[in-house]
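A.B. asks: Following the hints, position chains C and H against chain V.
Protein chains in written order, with the numbering used here: chain V, 1 to 320; chain C, 1 to 560; chain H, 1 to 296.
These are calculated hints, taken from the structure and not from any lab test.
Note that the structure is predicted; figures quoted are calculated from it, not measured.
Among the hints, a few may not be true.
Claimed, not checked - Facing chain C, a subset of chain V residues (Cβ under 10 Å, in silico): (1) T77; (2) I114; (3) L121; (4) I133; (5) I149; (6) F179; (7) G217.
Unchecked claim - Derived DSS-like pairs: lysine-lysine, alpha-carbon spacing no greater than 27 Å straight-line: (8) C:K404 - C:K183; (9) V:K301 - H:K24; (10) V:K193 - H:K205; (11) H:K136 - H:K146; (12) H:K272 - H:K135; (13) V:K108 - C:K183; (14) C:K419 - V:K16; (15) H:K205 - H:K24; (16) H:K146 - H:K24; (17) H:K135 - H:K119; (18) V:K197 - V:K266; (19) V:K266 - V:K307; (20) H:K191 - V:K78; (21) H:K295 - H:K137; (22) V:K78 - C:K433; (23) V:K40 - C:K466; (24) H:K137 - V:K314; (25) H:K272 - V:K307; (26) V:K314 - H:K106; (27) V:K315 - H:K89; (28) V:K266 - V:K314; (29) V:K40 - V:K8; (30) H:K89 - V:K88.
Quick reminder that beta carbons are idealized off the backbone N, C-alpha and C, glycines included.
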Amino acid sequence: MQVTLAIKRFNPESDKPQPHYEEFTVDVEEHFTVLDSLIKVREEVDESLALRCSCRASICGSCAMRVEGHATLACKTKLISVMDGQSKVRIEPMTNQPVIKDLVVDMKPFWDKIRDVEPWLQPQEPEPEDEYIAPNEAMIHLTGVMGCIMCGACVSDCTVLEVDPNFLGPAALAKAYRFVGDPRDDADKHRLKELSKYTGIWDCTRCYECVEVCPKGVAPMDRIMALRDRAIAAGFDGNYGARHTEAFSDLVEHSGWLDELRMIPKTFGMFNPLSLGPLLGMIPIGLRALRRRKLPPIRHKSIPGVKNVRRIFKKVEARK
Amino acid sequence: MAVYEHDVLVVGAGLAGMRATIAADAGGANVAMITKVHPVRSHSNAAQGGINAALTSRGDDWDDHALATVKGSDYLGDQDAIEVMCSEAGDTLIELEHMGVIFNRDEEGHLGTRRFGGQEVARTFFVADITGQALLQVLYEQIVKSQARIYEEWFVTSLVMVDGQCRGVVALELMTGQLHLIKSKAVILATGGSGRVYEPSTNGLIVTGEGMAMAYRAGAALMDMEMVQYHPTTLKGNGILMTEAARGEGAYLLNSEGDRFMEKYAPNMMELASRDVVSRAVQTEINEGRGVDGCVLLDLRHLGRELIETKLSYINEVALDFVNVNLADQPVPIRPGCHYIMGGIKTDVNGATTIPGLYAAGECANVSVHGGNRLGANSLLDTIVFGRRSGHTAATYAAEAGEKAISESVINADRDFIKLLMSREPGNDSWAKIRRDMGDTMNEHVAVFRNEDGMQTAVKAILQLKERFAQLAVRDNSQVFNTSLLFTMELGFMLDVAETICVSALARKESRGAHYRTDIPERDDENWMRHILVHASPEGPSIDYLPVVITRWQPQARSY
Amino acid sequence: MKYAFFPGCVSRGGCPELYPAVLKVCERLDIELEEMYGASCTGSGILQEKNEFLGDTLNARTFAMAEQMGLPIMTICSTCQGVMSQANKRLRDDPAHLAEVNETLKEEGLEYRGTAEIKHIMWIMVEDIGIEELKKKFVRALPDLKLAPFYGCYIVRPSWALEFDSHPGRERSLEALIEAVGATVVDFSGKTRCCGFPILTINEKNSLAMVANHTSEAQSLGADAMVTPCPLCHLNLDSFQPKAASQNGIRIHMPILHLPQLVGLALGFSPKEMGLGRHIVSPRRIEEKVAEAAKV
Numbered sequence: 001m002q003v004t005l006a007i008k009r010f011n012p013e014s015d016k017p018q019p020h021y022e023e024f025t026v027d028v029e030e031h032f033t034v035l036d037s038l039i040k041v042r043e044e045v046d047e048s049l050a051l052r053c054s055c056r057a058s059i060c061g062s063c064a065m066r067v068e069g070h071a072t073l074a075c076k077t078k079l080i081s082v083m084d085g086q087s088k089v090r091i092e093p094m095t096n097q098p099v100i101k102d103l104v105v106d107m108k109p110f111w112d113k114i115r116d117v118e119p120w121l122q123p124q125e126p127e128p129e130d131e132y133i134a135p136n137e138a139m140i141h142l143t144g145v146m147g148c149i150m151c152g153a154c155v156s157d158c159t160v161l162e163v164d165p166n167f168l169g170p171a172a173l174a175k176a177y178r179f180v181g182d183p184r185d186d187a188d189k190h191r192l193k194e195l196s197k198y199t200g201i202w203d204c205t206r207c208y209e210c211v212e213v214c215p216k217g218v219a220p221m222d223r224i225m226a227l228r229d230r231a232i233a234a235g236f237d238g239n240y241g242a243r244h245t246e247a248f249s250d251l252v253e254h255s256g257w258l259d260e261l262r263m264i265p266k267t268f269g270m271f272n273p274l275s276l277g278p279l280l281g282m283i284p285i286g287l288r289a290l291r292r293r294k295l296p297p298i299r300h301k302s303i304p305g306v307k308n309v310r311r312i313f314k315k316v317e318a319r320k
Numbered sequence: 001m002a003v004y005e006h007d008v009l010v011v012g013a014g015l016a017g018m019r020a021t022i023a024a025d026a027g028g029a030n031v032a033m034i035t036k037v038h039p040v041r042s043h044s045n046a047a048q049g050g051i052n053a054a055l056t057s058r059g060d061d062w063d064d065h066a067l068a069t070v071k072g073s074d075y076l077g078d079q080d081a082i083e084v085m086c087s088e089a090g091d092t093l094i095e096l097e098h099m100g101v102i103f104n105r106d107e108e109g110h111l112g113t114r115r116f117g118g119q120e121v122a123r124t125f126f127v128a129d130i131t132g133q134a135l136l137q138v139l140y141e142q143i144v145k146s147q148a149r150i151y152e153e154w155f156v157t158s159l160v161m162v163d164g165q166c167r168g169v170v171a172l173e174l175m176t177g178q179l180h181l182i183k184s185k186a187v188i189l190a191t192g193g194s195g196r197v198y199e200p201s202t203n204g205l206i207v208t209g210e211g212m213a214m215a216y217r218a219g220a221a222l223m224d225m226e227m228v229q230y231h232p233t234t235l236k237g238n239g240i241l242m243t244e245a246a247r248g249e250g251a252y253l254l255n256s257e258g259d260r261f262m263e264k265y266a267p268n269m270m271e272l273a274s275r276d277v278v279s280r281a282v283q284t285e286i287n288e289g290r291g292v293d294g295c296v297l298l299d300l301r302h303l304g305r306e307l308i309e310t311k312l313s314y315i316n317e318v319a320l321d322f323v324n325v326n327l328a329d330q331p332v333p334i335r336p337g338c339h340y341i342m343g344g345i346k347t348d349v350n351g352a353t354t355i356p357g358l359y360a361a362g363e364c365a366n367v368s369v370h371g372g373n374r375l376g377a378n379s380l381l382d383t384i385v386f387g388r389r390s391g392h393t394a395a396t397y398a399a400e401a402g403e404k405a406i407s408e409s410v411i412n413a414d415r416d417f418i419k420l421l422m423s424r425e426p427g428n429d430s431w432a433k434i435r436r437d438m439g440d441t442m443n444e445h446v447a448v449f450r451n452e453d454g455m456q457t458a459v460k461a462i463l464q465l466k467e468r469f470a471q472l473a474v475r476d477n478s479q480v481f482n483t484s485l486l487f488t489m490e491l492g493f494m495l496d497v498a499e500t501i502c503v504s505a506l507a508r509k510e511s512r513g514a515h516y517r518t519d520i521p522e523r524d525d526e527n528w529m530r531h532i533l534v535h536a537s538p539e540g541p542s543i544d545y546l547p548v549v550i551t552r553w554q555p556q557a558r559s560y
Numbered sequence: 001m002k003y004a005f006f007p008g009c010v011s012r013g014g015c016p017e018l019y020p021a022v023l024k025v026c027e028r029l030d031i032e033l034e035e036m037y038g039a040s041c042t043g044s045g046i047l048q049e050k051n052e053f054l055g056d057t058l059n060a061r062t063f064a065m066a067e068q069m070g071l072p073i074m075t076i077c078s079t080c081q082g083v084m085s086q087a088n089k090r091l092r093d094d095p096a097h098l099a100e101v102n103e104t105l106k107e108e109g110l111e112y113r114g115t116a117e118i119k120h121i122m123w124i125m126v127e128d129i130g131i132e133e134l135k136k137k138f139v140r141a142l143p144d145l146k147l148a149p150f151y152g153c154y155i156v157r158p159s160w161a162l163e164f165d166s167h168p169g170r171e172r173s174l175e176a177l178i179e180a181v182g183a184t185v186v187d188f189s190g191k192t193r194c195c196g197f198p199i200l201t202i203n204e205k206n207s208l209a210m211v212a213n214h215t216s217e218a219q220s221l222g223a224d225a226m227v228t229p230c231p232l233c234h235l236n237l238d239s240f241q242p243k244a245a246s247q248n249g250i251r252i253h254m255p256i257l258h259l260p261q262l263v264g265l266a267l268g269f270s271p272k273e274m275g276l277g278r279h280i281v282s283p284r285r286i287e288e289k290v291a292e293a294a295k296v
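Chain V on its own, in the form it takes in the complex (with noise of 0.2 Å):
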């Protein structure tokens, strides 16, 4: 069959270098990868065509890319998968990072990143003579973690990278989360107090694209919501986010369901002084809503039985 790639391309060298579309029609096997694809590209038409592959076993992490719009690796993905009855396919390099040619990126910032987590073991000292014990169903646990690659794709469709690069990202948070995790570790209180601050755990949307992209299964996501429920457990509950956490828990344990009138003034503390900004800020948006009748009811009603879920709330809290 024939397959037309439209491939994202750049060259810096150009005399005006600009990201545009060129498409490449090859013959292909129905078994045929994307990665498959380019190679045949890259050998056969345009040498030029600069790509990172090597494993072709989704192991080693090179050949990240957006594949019709989502970041995966091209060695695991069929062709047929994306094709959708087209003949066309769309292949671009990842985004959030900086492009170098056609579809190699800069991960710099990628690592940069992982750097910033202190990404090593600090263990109890000392050392015991033979190896740590731990439980295998930790090592098991972290092991989905440690199937992380490496590859960029979940920084790649990142929705708050986008907007604020400052993020430590998917990525780098799972990778905090491997050490965090691990019981041999004994740095948590140090990793939760950094990894609360902005830029770190709470700035996550919870928006799934990282989940979605892996393609290892590593789930960074919830690996950070991991992190964030260990940090508050920890003591580190006086930022926004955990606030926000905690303010929702309450209310909706309180009536059932969510109190929006009440959950700002919640979230940034009524009488904390720093929150007077925020507070202030939220000012007009509100006359704004109350000209429009765009506003939650003054008199917030518990759902009927909310005591069943007052219950809930304190047995399952308990058994935690």
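C.D. replies: This is chains C and H only, laid out in the frame that chain V set:
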């Protein structure tokens, strides 16, 4: 021109390279790592099954591991080197665990083991079936901690030789296309294997053997290059590795008649005989018409879904992605495929090559601990033990090496070569065509079963490919990330490696380990307890011999 | 056609225009609703980050109530839909988990048997009614409208919860409905991205930057409005649009329609009946075009 200068420069950032860097750093040297891909992209990540170690603290005996390794090597491994590796394995493993490797545990929380081929004892420690990747990530963590300099995506094009000593490298910075001189009192080659000289191969596309070829060109000896391991179980189609751990956990090999055919070939060890034995068995079944579409079947169904999904999840993912087989429901078609080269740059147990200042570790080196056939899960051990030893030794050497003047003109030869490649008029030929022809040739004639005629054909074919290479043009004249130039230069190195494999194979007039000649099917201990050395000379490769070191174990008939 | 109606919090809170619009639209579409007054908030993904088991228990309670009613659940919020779909998948896939959850529900006399079906009104219109049937009920086409679809994360991700494989076309539901009312779809890169609402009170700058990006992109592509099946997205994209514009120093005027409002307009309701007047970003342009369409 910027001046780069170090005490120790490590070429390659896989397990051996990173371990060497950490050791040299700990030894107080100014150390840097230079690598053509980011460290975590290195091919060590493809190692799946585990790492062998006899933990004496729990009653295991490293002698037993050493004997299994000697037997696995078909008695070609140097026994002094094997003793070093096996005796240091336990400490090496614990050190890795302390660094943070998340080894799977037993029920008490101690390190867990699985069985691997060629050994009676379960002494393979593992992280599911991503052991290589898990080790690579942890060593990278240690590198980040050490803050050692990394020249990332720099391709070394030649070694700098001054008065017979290695004193640095010339390297191409891929991001800019610039050539640089990096001076270093000692250089450690940790460039990995050369699997891509064959097609297909389990190896990544980056595994192109340039370290071996560079050392060879600089005058170092390569040893036992004929010993190329075919892994028995590589996936139908693209040849991706299906780990030996599958059989370690109990998987069967079945032919088209549904028989566990290993009964015939290795009645005691069955599927867990050494790799050369199993590969020959699989290939024999296929050749004699008991295959299924050019393959036999690897059957894991009886292991159960839970075991597959926790301990073998990666190969399950690969089988699903590439041949649409769920290992819990269906057997998967596999065949032998080029996987590993036991041969390499000859070194002593400290990584020293025959050139002063030049060290080598990992798959590009031959210490020799694997001899004619490497046991599964000994390669990770090899990289860590000899990576550390070479890093340590190179740091000590560099501290006493003194200064030498190096002219910047040493980069001219490579600069001229690149200019030549870019200025030639492109013909119909391409690096890809030559590379494919080379791979096909090697896979046809210097594979599981070999004979004189085939190997002669291969030698001639490789020489012809070298002639084609001498006319080859690089079609892309750009500076930034010019992979066409990179692949062309790699190809030049690969052709040298292919040639040394062929001539070494022709020289060994017996069958031993992975080198099985249908025209001389017997092992000949009387004449061939010898290593084959190959040096570069103006007339082409020249062959020498070196006796195998025997300490305690005399050659025995080998059966599994 | 009858559903157990789960309105969620925001349709009766920050987007009070949505709830009455939905009731009107459903009546006209012969969708009979029985409201689940006793159902709690889904947890919105926030409770889940703290305690997934708690979230699953609260949702299983809602599912058990629907089972007792013998009805599938209708949601009108991408977030409610996604969170419930995820919970349902976990509960169905893991009998031990389900049993543990039921242990807690028992005291209330509830048990979840794992049979609940949860459908967003958008899916109901496309899958249960069908585009062709729907079109028969429309009294006017809105051919002059160019509309940019904005899904809301949880109705497109994670795909493991949303049964796209067994519901072909589900992934394009919003576009299909925009086309059904006769309007033109403005495809844009923000379509399945995050509106920023979940971090509004945590990192307002980033949240508003998302609002500014999406609304300005839709505007630059010539959209008259954006349409969303998610009231949370609506809240951020509409209520916070003026602030987002001033933060990013750009001029934006991008009306945001709730999907049921759009369908309501095609069904012949007036913009006022659909509560368009309660939006922060004035949808006057839409109202004018609807009035034009009504004349024809």
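A.B. asks: Looking at the structure, which of the earlier hints fail to hold?
C.D. replies: 15, 24, 25, 30
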